[in-house]
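From first to last, the protein sequence lines are chains A and B.
With my numbering applied, the first sequence covers 4 to 202.
With my numbering applied, the second sequence covers 21 to 578.
Rather than coming from a laboratory, the hints here were simulated on the basis of the structure.
No residue lacks a Cβ here, since even glycine has one placed at the ideal position from N, Cα and C.
Take the hints with a grain of salt, since some may be wrong.
As the list claims (entries may be wrong) - So these bits of chain B aren't anywhere near chain A, every CB distance computed over 12 Å: (1) I29; (2) A40; (3) H76; (4) G139; (5) A246; (6) P268; (7) L294; (8) R299; (9) G310; (10) F351; (11) E366; (12) A380; (13) I408; (14) T450; (15) S556.
What the hints assert, rightly or not - Just the calculated beta-carbon pair ranges, DEER-fashion: (16) A:E148 - B:E499: 45 to 51 Å; (17) B:A328 - A:Q144: 41 to 47 Å; (18) A:N188 - B:D67: 36 to 42 Å; (19) B:L467 - A:D169: 31 to 37 Å; (20) B:N228 - A:M13: 53 to 59 Å; (21) A:V17 - B:K372: 27 to 33 Å; (22) B:E382 - A:E132: 52 to 58 Å; (23) B:E499 - A:V54: 21 to 27 Å; (24) A:V133 - B:E364: 50 to 56 Å.
Said to hold, decoys possible - Simulated crosslink set (BS3-like; lysine-lysine; CA at most 25 Å straight-line): (25) A:K38 - B:K476; (26) A:K127 - A:K38; (27) A:K38 - B:K545; (28) A:K46 - B:K476; (29) B:K201 - B:K218; (30) B:K167 - B:K154; (31) A:K38 - B:K475; (32) A:K46 - B:K453; (33) B:K372 - B:K350; (34) B:K512 - B:K222; (35) A:K149 - A:K84; (36) B:K537 - B:K475; (37) B:K378 - B:K113; (38) B:K170 - B:K222; (39) B:K378 - B:K359; (40) A:K149 - B:K372.
Letter by letter, the chains look like this.
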Amino acid sequence: MARYGMVMDMRTCVGCQACMAACSTENQTPFWSEKFRTHVEDKETGTFPDVRRVQLPRLCMHCENTPCLSACPTGATHMDKNGIVLVNYDRCIGCYACCIACPYDARYAYDGEDVSRERELYGKLVSHEVPHVDKCTFCVQRLNEKLEPACVATCPTHTRIFGDLDDRKSEVHKLALSGKAQALNQGLGTAPKVFYIPS
Amino acid sequence: MTTVFDHFIEKSGPFTPDWAARITDVPAETIRRIAIEFGQARPAMVDPGWMGARYHHLIGQRRLQAIIQTLVGGIDKPGGWLMNGEYHHRSEKAWHNMQQGGEQHGPPVERPGMGFAYGLLDIFANPAAWEHGKPGFSFVWAMEQQKAGKPSAFLPAMADTGLYEAVKGELTFNGEPYRMKALIMNAANPVRHYFPAKRWEKMLSSPNLDLVVAIDVLPSDSTLYADVILPNHTYLERNEPLLYPLGPETGIGYTTRLRAIEPLYDTRDTTDILCEIARRMGKLEPYLEGIAEYAGLDPQVLRSEVAAAQSARKPLNEAFIKTAYVAMGKFSGTMTGRKMSAAEVEAVIREKGLLMLKDAREVVEEMNLPRKLPVPTMSGRLELFSPILESFARQAGQQPLFNPVLGYVPRMVTDQGDKNDLGANEFYFTYGKVPVVLHASTNNNELLAAVTEPKKGQFMGLWINASKARSLGLSNGQEVEVTNLRYGPKVKATLFTTEMIRPDTVFLPSAYGSRNKKLSIAGGKGTALNELMPYSIEPIAASFMSQEFTVSVRPVNS
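The shape of chain B in the complex, shown without the other chains (with noise of 0.2 Å):
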């Protein structure tokens, strides 16, 4: 018999120092080095990052992570990676659970780990959970690509796979058509933000979508396409309606967001626009319970606070955060054995701007995982078999990257796979941040925009190696064609010649390019990141393969 361990370090032989050293230009010393002082330390910590998923087996890189998290002892402990306050809670819950008897999980939102997404998957990927027996879009497009054999993604819940092929009535559901006539856009800018521009901008000027509607605070490339736009408060005059986990925090805590001052304008906050919305399509006590049942409100303290609200002319959203403060109290009774009234909740979330119900170091001592308590998997251990990718396996057929242990996933930004031999003007392609503004929703601000002009040409130029810029009789500040190179699109670009990046390399800041004129400091400046990418998605989750390609640059005009 092997064991899994067995199975991982008998397919990890071939892949030693001396390989990757080829591949990353890191020396396979190195790498031995860092590896023996990595696994002597206990625990040691791998930062896992953000925005890796531009890559089809980033789903592979964020595993091996966890295995090697998992070799030196560093799960849940201080030193090493921490799990959050909410995940230990609902760990602890579905432990309990099922020590009564009962069944393990309950409502999706409390499920641990990828229990939520298959809870998510019970709702959205379920024709059964809905009145007019049709699953979400992404999953309707999911289900159809499968049974037809061709590329699809298993878990596409955040996705907007098939929403263009039901707006262009393309797309079916058991022989049915699936049509998408309308559309919300809440605080998003896809036309910017979304990858690829033009396939946004093709579908919101669809003939088959009868209504765009934008809730926005300031134009925006999305706005331009919307029938209808309803302002929306700003953040400072916006009451969220609902308490929220602390995110990575350790402990169990929640917050929100309060109002900064009053509105100025004749804007609403979004639950407002929405319960309104629902109300004059006769639906605002079905809305009012499925929001109830989602978030853990009751559902007849939320109906009386709404009445009251309605009654007094008051904004809905407070109607919302009243109840929250509500069954926090409750809540704040189960876990620290001291009920407390909405009142008393409100004044410490006032007061201190959270509610902390157990500190991180009680979490980590009581609710340990796995030391106190099992792991939500199959075994209660931390396991390195991955038995969703199994079933993915077995659904679409045995590939690297559903390799259920760990395989090696050769890369496929070109053509080539693995061989390393770029052209000369030949570049991997990468994008990110600045710190001056936030993606592109913020680049309008006057303020932000004079801080950026005297560091214009690194904030918003494309970062290009100064001594490969020479070598190509390129200049800083020069304009220039960048060409997709696998997929074609093109976008013009202001170099930023430097020796802070790879010879091999260029990097984008992805925060400019908005063209409505509109907006009288951004509009028509920078270059636009989702102009240059293709529609490409990875079988998993869908993620967007934004760096999966490579790209020229040439002077504009050569």
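Just chain A, with the same shape it has in the complex (with noise of 0.2 Å):
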């Protein structure tokens, strides 16, 4: 049993956006539609000569104390065994309480059009076979198979930094108790499993 979680080191991300296409390829999620289960903000502060930019990647932040399943009425948004928040496509209502529920904007709606377009672009090979609510999903598939998030992989700056963050070997506990990283919104009490070390 692993307690999984991700510490996002914003003095590397350069804003490539690979991780992004990574996680559309890996997760089959509707970029046709501009849906995406991580997004890179891009932030410019200041004036020329003193300009500082910021890259921002986020997604699910896999909360403990997670807002969104407590607003799911069937309990298709759950937990598993180790701390990755997952939505079961089956019994999703499609009602929507959990996006407005997240304070973090990481959910959204793969709906019947969205299942068309990728039922003719994947085939035999279609992962969401239903309309649901989307999330990342910390790759959970590649996890089964010991291999690390698509979007940590394809990282080129080893912004993404993901592991057990119980397993006290492990770089992603180091950096998550450094005292250099730290969630977004701590105010709202929701402990999220995704820390980030400030540019």
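Dock chain to chain to rebuild the complex, using the hints, since each chain is given by itself in its own frame.
Below you can see the structure in the form of structure tokens.
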């Protein structure tokens, strides 16, 4: 049993968005509707020549005090034994209560048209067979094969550090406890498992 | 007697930090501080960067970088510039040949440094190297221009100089017509990628061009002009015909590309296409001989592999790569003392993706230039003096660009030289890449287009300083007309206002502006960089002067 989490090192993110492309390919997310499980926000502040630019990759925070889970009326949203927040596609009724509850804007609708387009592109290999609310799963299918999430494996600058937060030897554990990394919107009490090292 | 170094110091005298500060906006104190820090590090490193050849004096900048690098002991040393494995190997071979009393130089592909360039001249600029007795069109143009006392280029090895003239029927060589009647574009999109667009549109539409062939995987702005399109394998379906050195890698190793999947459709590798064309022209034998000589393959092995592939009805690119494995097996014997069989070479390439023959540490230690081997210059030393530039000066007359030591070359971005006075609506122009697409080759990919969409402004728009834009009454997302103030062309663009750029400069992402509507995603989107470009080349390598002008930015229909 693990407690999976991620540290996002914003000092190294260059905004290449390879993570978005890798995630879409691995998880068949509806890029054709411009919906993604992960995003990279790009913010600039200041006036030339004193300009700062920050890249903020974001995704589901896999909170421990999970607002989406509380809001879900059917139990479709649940947490597995490794702390990953997942959606059971067959139970989801598409009420979007979870989307409203999520303070991190991490969820979106994988609707009927998206499912049709997915079938056109992926044929027999489709993984989303019914409409549902979708979000990051930390690539649970890859974790089962002892592989890292696709975004982590693809990132060229070691921005995404992933692993078992309870494994004291792991880089993610050390960084999460280093004092350098913080969660977003900590005051909401959601206890996210994704932490950010500011740039 | 004055040494080159003395001369260099004396001539550098007027170009002080205060002088540079006035032009660059970098404070003189900062320049002094960095110069001292750099000079006291042993070694230090100048990162030369990419994409500098957009100004006529870029050669001088590169030479100055090399000179600075040399002065801090940073040549072929960890922490400084490291020569690549290929360069080390060729230098060692040339030195070894000389010591044996033989010719220093082997075939052009084996010569180090500028020797390689001169080796190419011996082929492409040499009428005697060709059955038809005429050199390559770019060199014909250069020679004819020089004869007529007109601006020319000395080493137009990869240039298109003379091509349009040859198509138009205006090029001659020694009084005889030099006509171009057919063109094969292999995985090239000159109408979109080369400068300027208009030149290529006219060239490819010329009634004098009987045949235009495009070898490609997708529709492009150039395939629109092709009489025949030969569909190519995509990169995942493709076998390369040869093994290649590892680029900037300091160690000596080789790699290639092998197909990841079997071809999905009725397409071909370029090798097969060209061999088939040669065969139908009755010229397959001499074509194979030429390739074998150029690439260092055994011609007999190649002929027999090709014959075997033909009778087994297999693609010919496999015959080439098999021959390359044989050659590499023998070569590994000379490099490591252990010959390899072709099968062993192939097995290593398939398993590891590359074959390393000498690792970087060994190379830097044993073949160090100049600590172990002489540098391939005339004196064997690292030279600040350039005999090549001196030869250009002797031929074309003294000018700052051909100063064989280093001299100041005034800017030519405007007719004002070094004066910095831009007009109220006048900007320096730069262009470059964005992370999500490669040139205009992948802009039609649906996934990449989707990933671009949230940042469309910054990835596709014309960057302009936000404060400057406001002062001109311009706003983010506005459609504008960009005019090349020096040469005239105009393009439309969408503004991206940001503080991430200087107020006196605009920046255009270069990967968009495809016009072919068959590109269902990219067709008609963005601004075509090369529609703003002039045809303007510099006189050494005929590089395009693609930023040697200023632009104005106005609302459309203003």
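Could you tell me whether the CB distance from E148 of chain A to E499 of chain B stays inside 45 to 51 Å?
49 Å, holds
12 Å Cβ clearance of F351 of chain B from chain A
33 Å, holds
Proposed proximity, K545 of chain B with K38 of chain A (alpha carbon, max 25 Å):
OK: K38 of chain A and K545 of chain B at ~21 Å, within 25 Å.
Was S556 of chain B rightly flagged as not at the interface, with every chain A Cβ beyond 12 Å?
Non-interface label on S556 of chain B holds, nearest chain A Cβ at 29 Å vs cutoff 12 Å.
Are all beta-carbon distances from I408 of chain B to chain A longer than 12 Å?
38 Å, holds
Evaluate the condition: distance from the CB of L294 of chain B to the nearest CB of chain A exceeds 12 Å.
34 Å, holds
Taking the Cβ atom of N188 of chain A and the Cβ atom of D67 of chain B, is their distance within the range 36 to 42 Å?
39 Å, holds
Would the hint linking K46 of chain A and K476 of chain B be met if the CA-CA limit is 25 Å?
14 Å, holds
Satisfaction of hint between K372 of chain B and K149 of chain A, Cα-Cα up to 25 Å
Holds - the C-alpha atoms of K372 of chain B and K149 of chain A are around 22 Å apart, at most 25 Å.
Holds or violated: the 53 to 59 Å window for the beta-carbon distance between N228 of chain B and M13 of chain A?
Holds: the Cβ-Cβ distance is about 58 Å, inside 53 to 59 Å.
Satisfaction of the hinted span 52 to 58 Å by the C-beta atoms belonging to E382 of chain B and E132 of chain A
56 Å, holds
Decide if the proposed pair is consistent with the structure: K372 of chain B and K350 of chain B, CA atoms, cutoff 25 Å inclusive.
20 Å, holds
Going down the numbered hints, you'll see the structure goes against none, and every one checks out.
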